[in-house]
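With chain B's structure known, arrange chain V on it following the hints.
There are 2 protein chains.
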Amino acid sequence: MEANRKEITFDKVNITGGFWKEKQDLFREKTIGAVYDRFEETGRFEALKCSWKEGMPFKPHIFWESDVTKWIEGAAYFLQKERDSSLEEKIDELVERMANYQDENGYLNVYFTVVEPEARFTRRTDHELYCAGHLIEGAIAYANATGKTKLLDIAEKYVDLIDRVFREEHSAAFDTPGHEEIELALFKLYEYTGKEKYRKLAEYFIDKRGCSSRDATYDFADQEHMQSHQPVRMQKTAEGHSVRALYLYSAMADQARITGEEQLKESCKTLFENITKKRMYITGGIGSTHRGESFTFDYDLPEYTAYSETCASIALALFCRRMWLLDVDGKYADCAERAIYNTALAGISLSGDKFFYENPLAADPERNAFNESRAEGLREHLPILQRVKVFDCSCCPPNILRLTGSIGDFMYSASEDTIYAHCYMEADAKIPLGEKEITLSQKTGYPYEGDIRLATDTEGDYTIAMRIPSWSGQADIVINGAPAEYELRKGYAYLKRHWKTGDEIRLSLSMQVKLWQANPKVITSCGKAAVTRGPLVYCVEGIDQQTDCICDIRISRRSAFEVQREKLDEENTLVTLKTKGFVREKSQELYVDEPLEQTEIQVKLIPYFAWANRGVSSMKVWLLEKES
Amino acid sequence: MEANRKEITFDKVNITGGFWKEKQDLFREKTIGAVYDRFEETGRFEALKCSWKEGMPFKPHIFWESDVTKWIEGAAYFLQKERDSSLEEKIDELVERMANYQDENGYLNVYFTVVEPEARFTRRTDHELYCAGHLIEGAIAYANATGKTKLLDIAEKYVDLIDRVFREEHSAAFDTPGHEEIELALFKLYEYTGKEKYRKLAEYFIDKRGCSSRDATYDFADQEHMQSHQPVRMQKTAEGHSVRALYLYSAMADQARITGEEQLKESCKTLFENITKKRMYITGGIGSTHRGESFTFDYDLPEYTAYSETCASIALALFCRRMWLLDVDGKYADCAERAIYNTALAGISLSGDKFFYENPLAADPERNAFNESRAEGLREHLPILQRVKVFDCSCCPPNILRLTGSIGDFMYSASEDTIYAHCYMEADAKIPLGEKEITLSQKTGYPYEGDIRLATDTEGDYTIAMRIPSWSGQADIVINGAPAEYELRKGYAYLKRHWKTGDEIRLSLSMQVKLWQANPKVITSCGKAAVTRGPLVYCVEGIDQQTDCICDIRISRRSAFEVQREKLDEENTLVTLKTKGFVREKSQELYVDEPLEQTEIQVKLIPYFAWANRGVSSMKVWLLEKES
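So the sequences go chain by chain: B and V.
In short: position in the first sequence from 1, add 819, done, that's my numbering.
In short: position in the second sequence from 1, add 819, done, that's my numbering.
Same shape as in the complex, but just chain B (with noise of 0.2 angstroms):
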């Protein structure tokens, strides 16, 4: 048996320039306060006076406190990084609060303190556990970045609470958490603390769950909703409340890491293989459908109504993450990604002051105009088509939060004698390996360029195994200017040496332009193509095109892609490619039995992430194929 990595969190990490760096940047400026500012507006930070009576406005809600710990634990990923006083007054003062509503025994939660303090404990699918869950990590994370354990003492009275009442004395109306979290921030917390009791805790929560008859879900909706249908060990497909599910397979993998259990490691492994064989869009979106926000069946990818949450994504490279850990293979990182540098940053304008919480992968104006002129009760579900800043149930705006100000989490790992390089972004690293610590410094135009350099400054016997991505063809690895050996494994080029202080990798990864096509059973992108570069999916937007109708157009793989850096309006720049494409003649019949004819068009692609940041438009992924 292999043994485990070992996590290298982004505190070891320094994202120093290039794509991430500006994110980072941008975050600390203008999202932390735009998300703050929301939630300040819609009473979230209010609730926590616990003074609202009824009658009065901004009632709170059930899982309102995991909107307020998110942020805080987004804002405290900065933090690490740079102190700010006036953000830690902001959230001392919330702190202070939540300290002034705890109960005595430790409960904490708004809701079930000032609207319905009776209903304690008594809704599986109430939100409380799940609010829990973001207390911890949002408390690890701010006493990590201050020191200050306010949060912390607040969050593990209210953990021995639940502890005691649902592990101890099963005083609960229920057995596991209706909305999975707490299980990963438990063994987050048993990490950080040591305690044996949280990990146990977690541990109890995951196995118990599909064994308990006591544990209910909505009345709409069926068991597989919270991944409650069978014990966790004989799930082999991802099924329900996508959000859920990967939170829930996150902490599997957690288990499986720390008690070294070959079986839910190989769970964890069967629902990744589901996953991303059969359930996950190019772009790394997850969950197909806005009814119960969840997976529906294999092969089932619908464009246009693809809900492909932006929390289901970050959740799935927080799982890839966890897996990369438990099993070497390139596919974890490549996967990772997918999410990452798609969907997820789609949930985001390029602002960083407004969100998307679902991310299809084509939008008609014209059916959302429709839709939107029609009585409330002949009007369709369909995802919005412009970010907003902040929706009723707000969790994505904190959630790409915590995941941009941590991202150098996806960097790296190590074993003994191995450091692993994931995901590539410019940063420097010191990483622990075995006694020593090894201080790294990487340099790339990730993920618009394929060069990575990799420079050691700590001399050593030791391996370096830098990840192939998938897409990338045969890799390209120089050492101080001459060709390195390496040996390739399931995605990661190993390079064993003595290393010397000032030793460099440069890595080329092939940039190239790549058509995929979907399986033939996706039945709505027989035909047709998905273009990316990189780790990057492009789509078109029907403000670039030549054509107003972008589904009519065909592009070829046989065709040059123009690759170029340049400005996507005043303030962003980024990498577009432009082709030849094709598109029909106008007509105005509405079928004809002769074809219309074919007219080239020049296609523009912008990154897929980026859509939608310049008005309403008409967008699209899957493009037609020319196949003559």
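There's no promise every hint is true.
Identical copies go unnamed one by one, so any copy, or any two together, can satisfy a pair.
In the EDC-like style, the derived pairs of lysine to aspartate or glutamate whose C-alpha atoms are separated by at most 16 angstroms in a straight line are [claimed, not checked]: (1) 868 x 922; (2) 1340 x 1408; (3) 1027 x 988; (4) 969 x 911; (5) 1007 x 972; (6) 1007 x 975; (7) 1340 x 1367; (8) 969 x 907; (9) 878 x 865; (10) 1340 x 1404; (11) 1097 x 1408; (12) 1255 x 1389; (13) 1097 x 1185; (14) 1096 x 1412; (15) 872 x 922.
Derived by calculation from the structure, the hints in this document are not laboratory data.
Coordinates of chain V only, in the frame set by chain B:
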């Protein structure tokens, strides 16, 4: 201004053989009884005893009477050709029940007699006038077929009340019907009885529509749903509930013909153009969504979720037939045939006793199975994939019965000196033309064969205008073995001569298989083609194919099509098409960056109307078109 043509109704026509003789025999032997039995079982006939009390089963429904009178109408069309005392006994018994509960003042509706008598004429949405319309049509049909006028007396007595309440007293809570139908029925009653008041009431309802502040709609819907968003003459696009819309437009066409009003005629032409150039499936289906059973927006023609109600296509055919009386243009009969031969006929099983309400252009059994496996609150509305014996809202079964019984209505019309042959069927006819009566005999294997032989037994100077369908290309017409001289105008070949007894026209239509493209604005059909032969749209069913990925089948317009009359199953023979197709090879991967190899397969197509007669199978009308 061109004079309008007179309709030649089916009572002037006897179907003697071929496609429609088979259908009529089947309907006479099976469908009339099957619909009767289902209505009997579901309490629709029992309800007419008006003995229902709170707590009893089979609570009468507001539109049950329309099911009964539509069944009577359909049955009467068969009685017109062949009296049947046992069938008449059943009808007489129903008429007796209706006579018994008809109010002194003429009012007739079971629901508003036994359930909510106080609510008569208070809710526009409650189908009272719709039921009255079908009562009128059933009564005329039964009187015409049998000479028995009791039902007609009932209908006229009720209409007199309606006339007083709506046109004189305005004592109802609304002004115009929520579900149109009575308008065209009133014109029919006017033409049958010659009584002006019925015409005036019909015109009142049509002219008042969209002009009344008292005309409410459903809470869940908008005024478009009932075509009362504007005065009818201002309506340029087909909106709302598609059956209601087409019944209204049919009545508008009646009014334009009867009154000679040009503006109304132009409105009808505008609406016809909007439907057929922008809002109609290639199968003649209309109404793209189940939400409000309604039209949506231009070029919105999704395949899998097409609502395309059977009744809507029947109503479209009724509208077309009225339009060709107003305007000589082959496009109306082209459209009527599309609707009849494809969607309307798909509405009934080949066995004659099971029905579709919705007629999608593609079927994905996996989606339906998944959907049915979910908790009810997570399900989406999907068309069913197997016909059923009866619906809760069972308008379609008796509607297809009355269409088939009166299919001869679609054969001819006549002006002073010209007989127009619109839709071809094997039938004898006696057509009043000026002072004369022209005896015609038509022999044809239509819609499977393109040869039509039309013989006259009446000597004289007159014109026979033979429709040349738009799909047939150049017409080949021979009279008594010699090439005929004719003038071709707007889809009709005018054969003017001194006809002698025994003269025979032989029209040969090209039955070449055609591949049609949809307008590039139809986003779901880009890159695809639909196959037709003659008036029939073809489809592939999974059960017949050498692949289980029918969405991946590519066909080419350069490939030959083998046309073959063959058995579909033990009972049914029809004309199938076979051609070369290509599908990609199977893959274990979800996404591949090298195109999957394509394999040649034989693709078998069957007429769309015959789908879903051999168990649940995937189905598709629009297939990928291979350009190379």
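Comparing the hints with the structure gives:
{"no.": "1", "hint": "868 x 922", "result": "within (13 angstroms within a copy, 67 angstroms between copies)"}
{"no.": "2", "hint": "1340 x 1408", "result": "between (32 angstroms within a copy, 11 angstroms between copies)"}
{"no.": "3", "hint": "1027 x 988", "result": "within (15 angstroms within a copy, 72 angstroms between copies)"}
{"no.": "4", "hint": "969 x 911", "result": "within (9 angstroms within a copy, 87 angstroms between copies)"}
{"no.": "5", "hint": "1007 x 972", "result": "within (15 angstroms within a copy, 83 angstroms between copies)"}
{"no.": "6", "hint": "1007 x 975", "result": "within (12 angstroms within a copy, 81 angstroms between copies)"}
{"no.": "7", "hint": "1340 x 1367", "result": "between (29 angstroms within a copy, 8 angstroms between copies)"}
{"no.": "8", "hint": "969 x 907", "result": "within (13 angstroms within a copy, 88 angstroms between copies)"}
{"no.": "9", "hint": "878 x 865", "result": "within (10 angstroms within a copy, 53 angstroms between copies)"}
{"no.": "10", "hint": "1340 x 1404", "result": "between (30 angstroms within a copy, 11 angstroms between copies)"}
{"no.": "11", "hint": "1097 x 1408", "result": "between (39 angstroms within a copy, 8 angstroms between copies)"}
{"no.": "12", "hint": "1255 x 1389", "result": "neither (47 angstroms within a copy, 80 angstroms between copies)"}
{"no.": "13", "hint": "1097 x 1185", "result": "between (30 angstroms within a copy, 14 angstroms between copies)"}
{"no.": "14", "hint": "1096 x 1412", "result": "between (39 angstroms within a copy, 14 angstroms between copies)"}
{"no.": "15", "hint": "872 x 922", "result": "neither (18 angstroms within a copy, 58 angstroms between copies)"}
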